[in-house]
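The listed protein sequences derive, respectively, from chains D and H. This note's numbering applies: residue 1 is where the first sequence begins, and numbers increase by one. This note's numbering applies: residue 1 is where the second sequence begins, and numbers increase by one.
Do not take every clue at face value.
[What the hints assert, rightly or not] Straight-line C-alpha distance at most 30 Å; calculated DSSO-like pairs for lysine-lysine:
| id | chain 1 | residue 1 | chain 2 | residue 2 |
| --- | --- | --- | --- | --- |
| 1 | D | Lys201 | D | Lys84 |
| 2 | D | Lys84 | H | Lys227 |
| 3 | H | Lys400 | D | Lys137 |
| 4 | H | Lys552 | H | Lys632 |
| 5 | H | Lys400 | D | Lys144 |
| 6 | D | Lys213 | D | Lys319 |
| 7 | H | Lys229 | D | Lys24 |
| 8 | H | Lys447 | H | Lys461 |
| 9 | D | Lys201 | D | Lys305 |
| 10 | H | Lys309 | D | Lys134 |
| 11 | H | Lys309 | D | Lys144 |
Simulated from the structure, these hints should not be mistaken for laboratory data.
Residues per chain, in single letters:
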Amino acid sequence: MSEPVIKCQSVYKIFGANAERMLKEANGNVDAKTFQENGCIVGVNNASFEVSKGEMLVVMGLSGSGKSTLLRCISRLTDATGGKIFIEGQDLLNLNNKELIDLRRNKMGMVFQSFALLPHKTVLENIAFPLQIKGIKTEDSINKAMDMVKLVGLDGRENYFPRELSGGQQQRVGIARSLAVEPDIWFLDEPFSALDPLIRKEMQDEFLRLQEKLQKTIMFITHDFDEALKLADRIAIMKDGIIEQLDTPANIVLNPATEYVKKFTEEVPREKVLLIKDVMDEITSDDMGDIKVSKDEIIENVAEKILTQEKTVAVTDGKNNIVGSINPAKIINTVFGGRKNNH
Amino acid sequence: MELLKKYPKLFQWLFLLAVFFALCFAIDVPETYKFIRGQAEFVKDPNQSAFVFLGKEVRYYAFDVFWRLPPLLGWLPIWINDSLFFLMNDWMPMEFWNEDTQEYKTRPLVLQITRNLTAFMTFLIELIREILLGGLETIVAFTSWDWIDANPWAELPGLPWTIVAAGSAILAYKLGGKGLALYALLSMTYISIFGQWKPSMQTLSFILVAAPLSFIFGLGLGVAAYKSKRVEKALYPILLVMQTMPQYAVLVPALVLFGVGDHAAVIITMIVAVPPMILLTLLGLRAVPPEVIEAGRMSGCSNWQLMSKVLIPTARRDILIGVNQVIMVCFSMAVISAFIGAKGLGFNLLLALNQLNIGLALEAGLCISLIAILLDKMSLAWANKQVDYFGNLNFFQRNKNSLFFGVIVIVGILLAYFGSIYFKDGYNYLFEVPHNKGISTADFWNKGVDWIFDTFFVYIKAFNTWLIVDVLQPMRALYLRMPAVATLVLVVGAGYLIGGVRSALVVCGLTLFIALSPWWDRALVTTYMATFGVLVSCTIGFTVGTLCFQNKHSTNFMLNICDIFQTFPSFVYLIPVMMLFGITDTSVLIAVIVYATIPATRYTIEGLRSVPAGLHDAATMSGVTKFQRLFKIEFPLAFPHMMLGLNQTIVFALFMVIIGAFIGTEDLGQYILKALSDKKGAGIGLTLGICVAFIGLIFDNLIRTWVGQRKKHLGID
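For reference, chain H alone in the conformation it holds in the complex (with noise of 0.2 Å):
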């Protein structure tokens, strides 16, 4: 009883582990459960129960309902997908004038929508496409076929990678100074020889068009949240699932609206980074403090040179963090967005990944890097850089850049016409490197691959075999054994326990929508994938952040490391594991971890760091050993943070969870990779996505209210 008094939190947990696990031995698993339930309308079984619901009929195998709850929102994605095509084919019939044809034509109005957003984004991608590859497609939206037919000549040359290696080095100068500069040159000179170029090209125009209509979308929208509350209340549940929503999900939708390729690439890529792109723009401009707004307003700012030129710069710091977010974004959807027909470095590395050429895969995962860490500090680069206006400067040395490359414009011209001169091959290595003519270091790495795979392979096989034996298929089985019952009310009462009745009802509908859609046993396979890469990751990276943290030169050092990682997309962490272990869950679950643990060591480190230093002097002279001054000191304080930590490393998780269908897993994830080729597959693409975001919501609502209350404990908000 003293206990109890004592610690009456404690036994509140048991009691509720207590019940979860009476539940789970109370309910016994059915004779004909099997794993896969299969998707239920495409099986058709004499053993199946039906419903019928707003006239669509759901077919399941029905069990005990303490056992898994029937799929009542079975309908949710046929509607869905049905809706879509109405909308797309049948709503709002209207006369457009079309400019091919020269007559009206009846069309849908939201065809006509989708179809002119896409014109106008094609004409985008396809203008800068031109100006570094060459074509004519530009030309022919100005004029017509016709015209090009009857006039040869009319072609955009494209610039020779030459120019644009060294233009880049220029502008990267102008902004960074020599580093950056030298930087530039190296990687575009890398990416000309190895034979990437015009791979390269494509996935750039597409992130220069993805990239500033995100930002721009994104700052507009934050602004505007800034200023309304009402829009600020109408944006933010969508922020938030859309923040947890894994990038898949977006496709199959977008692929019924605007068609296959590039246009839909950038329209899905601007889905997906405006979001966290406007929930940084708010935080920063709420972080401006109060007394620089009056200094604005007391300068006679008007409102929009108040927003322009006193809050928008002060919030930079955000700012700035959400353009890096929208950049790796724009990265990792050039990927992903080659599953809908987009062209470049994701195609190719998506291809050398089917093919297992793990070399291929490499270069073409190395290109993406190096392009993305450029992009990512230039970007930064030009947000701090500063005027100078007290050079006396003459004429030359003001315009020195322009000047210097307009030079490299001739010389590069020059050369390339050299090159045809000398080449006489066929192919002008000044001009452009053509694809697989450049040096390839692919065989290098294969032979490498194969070497490593056949010296140690009994080591990894043995490590393979074992974890997946002993390790993640008991533990798979374990979370599949989990009455659908027993689970809510463990997650309902976890609820209920950290954040009230508020946290538990929340968690309940979340919790019941994933419970209620046909895809429950997916979910469940999800999570114990996400649970276990959560769970070493967390070990590893409170531990290294720990550890790290104890020195001040490997705390920068790691925080960099983190950097770098974070700026990889993730598809190229699926390249080393495929290496090493082939197509099995263990590769997804090590890429799984080691995206993950980036997220886990960066907030330990800036946990500790956070700790106010007059603690630590304090702390010492209570004569506190260094493991005293940790564990009662340091840890309680960063905790709060530890966990934002945590809750990153969820989401981390869960993404490359999902993206790691592509090699192979049996979760939601695979259901999604299945429904992008399927026709009727949007609505289930959706639904999937949501239910994904949905587990990653309940872990994110139990840990932030949890900090909220330790915060408000500790004192520190």
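Just chain D, same shape as in the assembly (with noise of 0.2 Å):
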């Protein structure tokens, strides 16, 4: 396997007077509250991670969680009191201003909850402001620019100021503007929060849309689990600053690994989450009937399918080959089983 594009490891970050001494003498041991007593706020305690190219980890935590934060040191926005953080193999924490500024003009782009828009700047030049900085001609950022403006959809208002845009068009801005320099690494900072439901689910599929298309490595931060369950290849749950669970949506869904990821989890319907091979049986030497399911399929989809049948449903690839088994007692199982312990 090749490199991991970002690798964190036992990343802290503590606000407070002498933060570095406290976390030396804790000695790997941060405990929130002995902190707290002495004046100091754990951010992010002992986070360690990979995310490896073209994955996108969604981040998922409630205010105060520490996730904002712990986006902010692998962007050294702010800088972690400890660990190590590397971006393609690069010591992060060990480059000078200059490298970063030459990283961040290169390979990272970054969207913002509340949109971050420059207010005297045109949609066009805040899409085209990252290039401009970089140093790139006038005409050659304009022109990157307009593109951006139609990948996101926004022709036509490239000359608009920001405060004459709805919100979902403003963040639409954002995008394009993180966009512009077509970074390796995209951070997404709750981009969506701000937005009413509907243009968020909107935002949601244009967002996947796009990420299709371009391949990024992806952290994306949200509190919405929901919206982490829909986007994710794989998610981490953060509660004070702690990692609660690092896995794919079907494996957190399945087994939630703390009683707090639990209480998400309960809620979740998991027909519409989980897909066939999440649930799926080995191949088995029962009579299965002549339909199949592709294993790629949500429950939701295939489960009257299967459920009318009376007997064990295969399972194949794109290929059409077999590669497992599913019956209805598992279905039921699987959507309204765990449920039921909890009443």
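Please dock the two separately framed chains into a single complex, following the hints provided.
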């Protein structure tokens, strides 16, 4: 396997006057309470993970869980108090200012919750901004920015000012700006949280479409568990600065690691989240009927088909080879099973 | 007892007032007390007491300590003065190369520095002035007088007024469109036709140097203060004092350091205009949302790019208000600095006021206001300008403004040339309409004033007498009747009740400084005038503001009026009141009231506006009447804002009271004006200025602390 694009090793971020000394004395055993008594606030507590190329890692947590702080450590908008962060093998914390600026100009893009557009620049100028900062000629940067305007579907509004746009449109500008330098790594800090539910759904779909096309390495921050399930390749759930669980959406739904994670997964409509491959069994010698389902289908879409059968159904892969089996009982168990225990 | 528990604050205040009045009645007026105590060191009188401090003898009339404190700080102005002279004339003599005499000369360091600064400023002003009006000083600066004598052709010709007027219209068009262009053209033409061209261009050249320099320094220091806490802490007290310091007061020390003339005026203008610019820059930069800064960083901005492309443009709104302030200060200084020999409209205005030629003063004042508004609007338009990337323009379209200006230059020169042939009598009206050869409406105004005065003399006189005899003089007597100790107790007590020990100490320090200076009585007179002005201004301002707020159109209308009135340099306000009331306290007070009503009205409207719309709806749904809504919801919530307006009103009023010295008052301002013509006036002027600033700061401290508490109480911050 190739080198991960983002690699974190026991990253800590502690706010406070003597944070560094306290971290050293704690010897890798940071307890938020004792730190707080000494006037320090623990933002990120021992975060270790990797994100590989083209993968989308969604960091989910409620407000104050440290998810935004973690993102700011990795983009080095704040300096981590302890640990190591590698971006494509480069030790991020050892970069000098010039190297850091270079990295940001060429490799990183970021989208913000409150859009963070420059109020005095038009849509076009906002998008061209990172390019002009790099020193690209005005004409080229404007042309490139125009392509970006088309990419996010804002044609015809390029000369508007941010204040003249709706929230959704402003965030499209934010997205276009972060993509203008064609970064490899894309940070999104609750990009859709400030939007109305309908617009949010539209933007999520749009975002998935873009990602399919661009295949960036993504860290996406959200406080919305449904959003995380919908978008993520893997999800990291944070609480009080600690990553409680980091796994694929299916595994998190099926096997929540802690009570805290379980609270989120309980309410999730599993049939809409899980795929057949997440719940299928081995190939059995049982009698399987003529009906076959693809392993990449969402349960909801094929449930009726399977449940109306009285027997086990074969599961196929893209090339129509049988790779597993699933029986109606399993479906019923998956969809309704876990919940019974809770009542 | 029940009541006492319910309103503890109220009883504390009542107690304070009781102590104050008890002190007032307990301490009698000494028999020897006369209002004018005189400048201690000038009058030698055997009845005087004296003390020596730091080698300076201070003479004064001694009273009971409870009645008036002895002027223990009386040595301060003398000492400041002597130190200044020592710095200028004796400190650190060094060898400097002298261009003119081609030899080394010994000169004190400070003198050398100020002289070089002076030469630089003079050069800048002369350069612009000679582009506009013609002359040869700039050429001399690069060559020498001998060379000029040998080459009589070497003289900048100056631009014909037609070119300047059309040029400014083109610039205005490029920046702000047709409306602004029309305004520029009309006002420039007006200035020319009315024969105010030369002084106007002199004023303009002064401002075109002073305003950009103030802007650059203010922005630079503001950025420095934003970046470093230490710089901010060092600057803050200076900024605070400078904000309430009357501009007059800086004149005298600057006079000593930089001499007489336009260059000194530029430096003083910078001293006065830079502090508000710093404050507003700082305010604006602080208000930039953190995510915008992060967005800038993630776009790969270097520190410099972050500041110049993200922070400053995003803080543009506040910075623009700063620019507006700078321009306003420049124009008011353009008048005030006429006292120290700056040429231009200000000089004409002062001269006309002195001769009571209201018509001429009006014309000069109008020109100042026209240019002030023009520059203000142009700088605003410049900052809001947009770039169009997609106009597929050809060469002509892209450069049409420059081309057009080129054509104008040629046409203007040709016109001026024909003019020189056509107007045989020596005045080329197409080149420059000479002063007092233009149209003048002065006679009309003067006759109008005379007519008004003749017709309404009885009424005006009656009103004037009534105001002075029945209102002003008793009020003044009341203020002077306060024993120093009683005043101190009142002020310090108020400080304690509002802001605790800290506030009490600050206020006590400020008051003591004034009480221990030789000018306590004068300060009381200044305070009485300011108080009267503020009371009337606030009554008018709060009422008008509240009434206008009832309707959207009238709100906008009123705000626009405030904008326009604020653009007038303060001296202009003296013109109409002198028309009607002549040289009396009434004139000063009316000018104060007109001037200080602007912030009172504006802040009232803006305060009422800041009440969230949701609350309006909530109140309406609870079934309140219009009056209930006003008194239960809008006033309490707008209150902090309105109090800041009161603060501004006080600053404006104090400022105008001091300017009023020009008409003739018996307060601190009069002494500042006197210090201007005094060789040893630098120390006195500065100390007096500090006294005035401290009066402002006492109120500022009390009001701000109170507002802070109210805000916390209301949960708005």
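For each hint, the structure was consulted:
no. : hint                   : result
1   : Lys201(D) to Lys84(D)  : 36 Å, violated
2   : Lys84(D) to Lys227(H)  : 29 Å, holds
3   : Lys400(H) to Lys137(D) : 24 Å, holds
4   : Lys552(H) to Lys632(H) : 21 Å, holds
5   : Lys400(H) to Lys144(D) : 29 Å, holds
6   : Lys213(D) to Lys319(D) : 23 Å, holds
7   : Lys229(H) to Lys24(D)  : 29 Å, holds
8   : Lys447(H) to Lys461(H) : 19 Å, holds
9   : Lys201(D) to Lys305(D) : 28 Å, holds
10  : Lys309(H) to Lys134(D) : 13 Å, holds
11  : Lys309(H) to Lys144(D) : 20 Å, holds
Hint 1 alone, counting from the list given before, is not met by this structure.
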